[in-house]
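Peer 1: Chain residues, written in single-letter form:
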Amino acid sequence: MTTPLKERLVQLEVLRYNPDTDTEAHFQRYEVVCQEEWVVLDALNKVKADIDPTLNYRWSCHMAVCGSCGMMINGEPKLSCHAFLRSYEGVIRVEPLAHFPIERDLVTAPDDFMEKLKRVKPYVISKQKKPIEEGEHKQTPAQLMKFRQYSMCINCMLCYAACPEYGLEPEFIGPAALTLAHRYNLDSRDGGRKERQEVAATLEGVWTCTFVGACSEVCPAHVDPASALQQMKITSSIDWIVEHLIPGGKS
Amino acid sequence: METITTDVAIIGAGGAGLRAAIALAETAPQLRIALISKVYPMRSHTCAAEGGAAGVIKPDDSFDLHFDDTVGGGDWLSDQDCVEYFIHEAPKELLQLEHWGCPWNREADGSVAVRPFGGMKKKRTWFAADKSGFHILHTLFQTSLQFPTITRFDEYYALDLLVDDGRCQGVTAMEMRSGELRQFHARAVIIAGGGAGRMFPFSTNGAIKTGDGMAMAYRAGAPLKDMEFVQYHPTGLPNTGSLLTEACRGEGGVLVNKHGRRYLQDYGMGPETPLGQPQLKTMELGPRDRVSQAYWHELQKGNTVTTQWGECVLLDMRHLGEKKINERLPLVRELADAYLGVDIVKDAVPIRPVVHYMMGGISTNTAAATPLPGLFAAGECACVSLNGANRLGSNSLVELLVFGRRAALSAIEHIADLPAPNAAALKVGADATAKRIGELFSGSDGTESMSGLRKEMQDTMEKNVGIYRTEAGLQEGVAKIHELRQRYRKVKLTDKSSVFNTDLFQVLELGSMLDCAEAVTVGALARKESRGAHQRLDYVERDDRNFLRHTMVHHQGLDMPRVDYLDVVITKSPPGVRDYSGDHK
Numbered sequence: 001m002t003t004p005l006k007e008r009l010v011q012l013e014v015l016r017y018n019p020d021t022d023t024e025a026h027f028q029r030y031e032v033v034c035q036e037e038w039v040v041l042d043a044l045n046k047v048k049a050d051i052d053p054t055l056n057y058r059w060s061c062h063m064a065v066c067g068s069c070g071m072m073i074n075g076e077p078k079l080s081c082h083a084f085l086r087s088y089e090g091v092i093r094v095e096p097l098a099h100f101p102i103e104r105d106l107v108t109a110p111d112d113f114m115e116k117l118k119r120v121k122p123y124v125i126s127k128q129k130k131p132i133e134e135g136e137h138k139q140t141p142a143q144l145m146k147f148r149q150y151s152m153c154i155n156c157m158l159c160y161a162a163c164p165e166y167g168l169e170p171e172f173i174g175p176a177a178l179t180l181a182h183r184y185n186l187d188s189r190d191g192g193r194k195e196r197q198e199v200a201a202t203l204e205g206v207w208t209c210t211f212v213g214a215c216s217e218v219c220p221a222h223v224d225p226a227s228a229l230q231q232m233k234i235t236s237s238i239d240w241i242v243e244h245l246i247p248g249g250k251s
Numbered sequence: 001m002e003t004i005t006t007d008v009a010i011i012g013a014g015g016a017g018l019r020a021a022i023a024l025a026e027t028a029p030q031l032r033i034a035l036i037s038k039v040y041p042m043r044s045h046t047c048a049a050e051g052g053a054a055g056v057i058k059p060d061d062s063f064d065l066h067f068d069d070t071v072g073g074g075d076w077l078s079d080q081d082c083v084e085y086f087i088h089e090a091p092k093e094l095l096q097l098e099h100w101g102c103p104w105n106r107e108a109d110g111s112v113a114v115r116p117f118g119g120m121k122k123k124r125t126w127f128a129a130d131k132s133g134f135h136i137l138h139t140l141f142q143t144s145l146q147f148p149t150i151t152r153f154d155e156y157y158a159l160d161l162l163v164d165d166g167r168c169q170g171v172t173a174m175e176m177r178s179g180e181l182r183q184f185h186a187r188a189v190i191i192a193g194g195g196a197g198r199m200f201p202f203s204t205n206g207a208i209k210t211g212d213g214m215a216m217a218y219r220a221g222a223p224l225k226d227m228e229f230v231q232y233h234p235t236g237l238p239n240t241g242s243l244l245t246e247a248c249r250g251e252g253g254v255l256v257n258k259h260g261r262r263y264l265q266d267y268g269m270g271p272e273t274p275l276g277q278p279q280l281k282t283m284e285l286g287p288r289d290r291v292s293q294a295y296w297h298e299l300q301k302g303n304t305v306t307t308q309w310g311e312c313v314l315l316d317m318r319h320l321g322e323k324k325i326n327e328r329l330p331l332v333r334e335l336a337d338a339y340l341g342v343d344i345v346k347d348a349v350p351i352r353p354v355v356h357y358m359m360g361g362i363s364t365n366t367a368a369a370t371p372l373p374g375l376f377a378a379g380e381c382a383c384v385s386l387n388g389a390n391r392l393g394s395n396s397l398v399e400l401l402v403f404g405r406r407a408a409l410s411a412i413e414h415i416a417d418l419p420a421p422n423a424a425a426l427k428v429g430a431d432a433t434a435k436r437i438g439e440l441f442s443g444s445d446g447t448e449s450m451s452g453l454r455k456e457m458q459d460t461m462e463k464n465v466g467i468y469r470t471e472a473g474l475q476e477g478v479a480k481i482h483e484l485r486q487r488y489r490k491v492k493l494t495d496k497s498s499v500f501n502t503d504l505f506q507v508l509e510l511g512s513m514l515d516c517a518e519a520v521t522v523g524a525l526a527r528k529e530s531r532g533a534h535q536r537l538d539y540v541e542r543d544d545r546n547f548l549r550h551t552m553v554h555h556q557g558l559d560m561p562r563v564d565y566l567d568v569v570i571t572k573s574p575p576g577v578r579d580y581s582g583d584h585k
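First to last, the sequence lines map onto chains U and D. First residue of the first sequence? That's 1 in the numbering used here, and the numbers climb one at a time after it. First residue of the second sequence? That's 1 in the numbering used here, and the numbers climb one at a time after it.
Worth flagging that the hints you see were computed from the coordinates, not collected in a lab. Some clues are possibly wrong.
[Said to hold, decoys possible] With a straight-line cut-off of 25 Å between C-alpha atoms, the simulated DSS-like cross-links for lysine-lysine are:
| hint | chain 1 | residue 1 | chain 2 | residue 2 |
| --- | --- | --- | --- | --- |
| 1 | D | 92 | U | 138 |
| 2 | U | 46 | D | 496 |
| 3 | U | 130 | D | 58 |
| 4 | D | 58 | U | 138 |
| 5 | U | 46 | D | 490 |
| 6 | D | 492 | U | 48 |
| 7 | D | 58 | U | 129 |
| 8 | U | 138 | D | 123 |
This is chain U alone, in the form it adopts within the complex:
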């Protein structure tokens, strides 16, 4: 345990864009001495502190839970605080998250995601309002486990950057927002599925998804949005059958 930390010269190739002065984006090369155990974010922080204060990116927690530091690293969506230098050889290329407009350098505008998140109504829509004085809703561990995985989304938007459908069809509500809709649909305290289906069970909703599964591959929180979307397709198909094929059926 007492061996000294290994150092390594890291070369970063970072996309730069300043709308004040640049007509188009360009790459800038930095060389910085890093510790072998560092993450890409540590390398960026060293560049900013010691070499170039004008480099811009978001970060905060450095433990993969705040979701601020999503970027493309060698072409893959990653949290830079969870992208270990030991996983990369040669020049590391760092770009802003794909499929979102660039504000500046590695900072993208998440407005589209924020608007879509709101549209799916990601909050409990009570079946019956229960006063606080009556205590908690009973929810068994099994009922909790039905939705818990889908409540782990940190809103980092890596899944949007990975999703080929979102790249082609920006109207697509997308993996994270739909998964959060599903999370509330599955919650034993909730009665809002029908309201959410008005957004989720449409062509902009789950039916745009072609089950490529890239969202689940890149998710740093192991949420598995692809499985949520497949489950949603099944339930909305059942809705359709109940409504159209079963006599007297009404979803």
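Let chain U serve as the given structure and place chain D on it in line with the hints.
Peer 2: Just chain D now, kept in the frame of chain U:
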């Protein structure tokens, strides 16, 4: 400068700010709410809290016990009227979150589960695995989306409070995306801007925790209270400082030195408890101040383990087994594996104490009101005197909720008969902000580097204002921070662009941290006693005759701040002995 007129402006959209916004929207739907934050709400540092939130819910527990644990844990520096209010509101707030969908862990019968936590005599910590803060933050944020009266101003960096007629009536802020300044006119302002742990080099705190809210209130004339009480969490990863939750020990993890000895028994927290059978309020479930201080003594004695990341002790959770670890501590397992290469199922993990939480902050009373009329504060940025000299783990997530809501109710009451702000008078303050920012951009004589000053500040804080403090060290700390504040006037802004200029925000954040650091050092030098998280090697005893008082630090521009004191509110628990000896049935 564009003016945005609102009724209540909230600065900070973490747990406290969101809870305040929802309480305002629910209670007073006629009011306009501006929720201003330098980050998108779900990036707020509430998300990094792991262990859980304390509230009396089980039949074997009582309000009196939660009261006693909190007051004793705080070494009698808590205001007892505040603690009383807090413990009664706590379960209501946690139930409210349950109704909003928070995925609390459950017992087999479907009721909410609770876990043991340090310094608590009963199991009363509600938890959502080891991502409790994350789930609380996202539940609040998602719930807030249904209220049309909450207008969010995401990525607006708040700059200065606007004060007229003796009342706080707004705030200036920069839209980070455009670099444009805005003035918010409001009849009440709530600050919920979080702590300032980044003034130290080794901290669990995210990059955003730079004390902007505290400094803003301080500059506007509201005093900072008890800033010298800085909590070290006993178990941080030695390289990144990432938090390994106290729930590690709540679930049965133990701390051992290089000889394999559970050393806490040597520091008044014994006798040793059987492995895998954690007992409440003793050994590894002692309070954070005592457990972190024990590390320091082990370090002096040469009992720590030398690692490539420095001196450590070991947190051993192997006996919990893989199943329990995966169910109760999945994030801890992932963090230790990813950042340190240690699988806690197979190996003990090296850890050391790390700066975690500011007990001090903007002085508020139980109504979440500051001495400046119209200004309210809640959460870590505030010092409502719940936590006294040492916060118990799992009280702060509840504090966000209880006092976030209370700040909203107080703001509603405050503005009931108030006239609209006087726009012409507020313009004076807004112009001052514009001048201050303009000078940073136009100045060509900046000679001090931002990152250089920041490093000197952090090194000073670590060296002189750590777990144990001395007169000479604190004098050096006070002098150095004061010098840095003077040198900060010559700070160089390298980036002169308007769009998302993080060089500018880091310069501004450094200014906030220096103001806070001065209050910490000055308060620590003046408090010649040892209490809770403030330990002096030269004044080793608690001194209730002279220091059963809150330190109040008042900003004096570039001069040294003024210090005075406020009596602690004692209602029913006179100062006593903190007993974590395990013999307290």
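Peer 1: If you draw a straight line from the CA of residue 46 of chain U to the CA of residue 496 of chain D, is it 25 Å or shorter?
Peer 2: 20 Å, holds
Peer 1: Tell me if the straight-line CA distance from residue 58 of chain D to residue 129 of chain U falls inside 25 Å.
Peer 2: With a Cα-Cα distance of about 23 Å, the restraint between residue 58 of chain D and residue 129 of chain U holds, given a limit of 25 Å.
Peer 1: For residue 492 of chain D and residue 48 of chain U, compute the direct alpha-carbon distance and say whether it is at most 25 Å.
Peer 2: 14 Å, holds
Peer 1: Hint check: residue 92 of chain D vs residue 138 of chain U, CA-CA at most 25 Å. Holds or violated?
Peer 2: Since the Cα atoms of residue 92 of chain D and residue 138 of chain U sit roughly 16 Å apart, the hinted pair holds (cutoff 25 Å).
Peer 1: Below or equal to 25 Å on CA atoms is what counts here, so check residue 138 of chain U against residue 123 of chain D.
Peer 2: This hinted pair holds, its Cα atoms lying about 19 Å apart.
Peer 1: Take the C-alpha atoms of residue 58 of chain D and residue 138 of chain U, compute the straight-line distance between them, and say whether it is at most 25 Å.
Peer 2: Within the cut-off at roughly 14 Å; holds.
Peer 1: Does residue 58 of chain D lie within 25 Å of residue 130 of chain U when you go C-alpha to C-alpha?
Peer 2: It holds: about 20 Å lies between the C-alpha atoms, which stays within 25 Å.
Peer 1: If you draw a straight line from the CA of residue 46 of chain U to the CA of residue 490 of chain D, is it 25 Å or shorter?
Peer 2: Roughly 23 Å separates the two Cα atoms, so the pair holds.
The structure meets every hint from the earlier list without exception.
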